[in-house]
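**Q** Sequence:
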Amino acid sequence: MDYRLPKKERLHSKKLIKELFDKGSSFFLYPFKIIYLPIEGEAETNQVLFSVSKRKIRKAVHRNYLKRRIKEAYRLNKSLLIDGKNNKKLIAFVYVAPDLEDFHKIQSKVQKVLNRLADRQEANRNNDEKKK
1152 MDYRLPKKER
1162 LHSKKLIKEL
1172 FDKGSSFFLY
1182 PFKIIYLPIE
1192 GEAETNQVLF
1202 SVSKRKIRKA
1212 VHRNYLKRRI
1222 KEAYRLNKSL
1232 LIDGKNNKKL
1242 IAFVYVAPDL
1252 EDFHKIQSKV
1262 QKVLNRLADR
1272 QEANRNNDEK
1282 KK
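Position in the sequence shown counted from 1, then plus 1151, gives you this note's numbering.
What the hints contain is simulated information worked out from the structure, not anything from laboratory work. On a predicted model such as this, the values are computed, not experimentally measured, just so you know. Just to be clear, a hint being listed does not mean it is correct.
In silico DSSO-like pairs for lysine-lysine, Cα to Cα no more than 30 Å straight-line [unchecked claim]:
(1) K1158 to K1207
(2) K1169 to K1205
(3) K1239 to K1218
(4) K1222 to K1205
(5) K1165 to K1263
(6) K1166 to K1205
Given the sequences, and given the hints that come with them, work out the whole structure.
**A** Encoded structure:
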């Protein structure tokens, strides 16, 4: 398994970010709000965005600390979401808690988020197969 998080897997395109926030579906799993949007043919991998609000976490040092922890947790567990099929997503991890969480708590929540996204992906695939 490739444990890297190269630039092509991070979401930087303003156009795609706007589309994600405008058309994407979302759910909450404290301390995250997850916004995701299935994409077709535009990207070769899932693309992720990590956000920590300045309104919730005032100090830039703490925001950067949290983003590093969230990225690390995603990087270690992204294999839960990859299935080899052509079901790619844009995903935004928005941290909504007003305080700092430790890495183990963040990692367990990221695992739950990725499992939930994989379950929804599987359910969508099953629905598509039933329609055919």
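**Q** Evaluate each hint against the coordinates.
**A** For each hint, the structure was consulted:
1. With a C-alpha separation of about 27 Å, the suggested pairing of K1158 with K1207 holds against the 30 Å cut-off.
2. Pair hint K1169 plus K1205 holds up; C-alpha atoms about 19 Å apart against a cutoff of 30 Å.
3. Proposed proximity of K1239 and K1218 is supported: the alpha carbons are some 22 Å apart, at most 30 Å.
4. Of the pairs offered as hints, the one joining K1222 and K1205 holds, with about 18 Å between alpha carbons and a cut-off of 30 Å not exceeded.
5. A C-alpha spacing of about 28 Å is found between K1165 and K1263, which places the hinted pair at or below 30 Å, so the restraint holds.
6. At most 30 Å may separate the alpha-carbon atoms for a hinted pair to count; K1166 and K1205 meet this at roughly 23 Å.
The structure agrees with every numbered hint stated previously.
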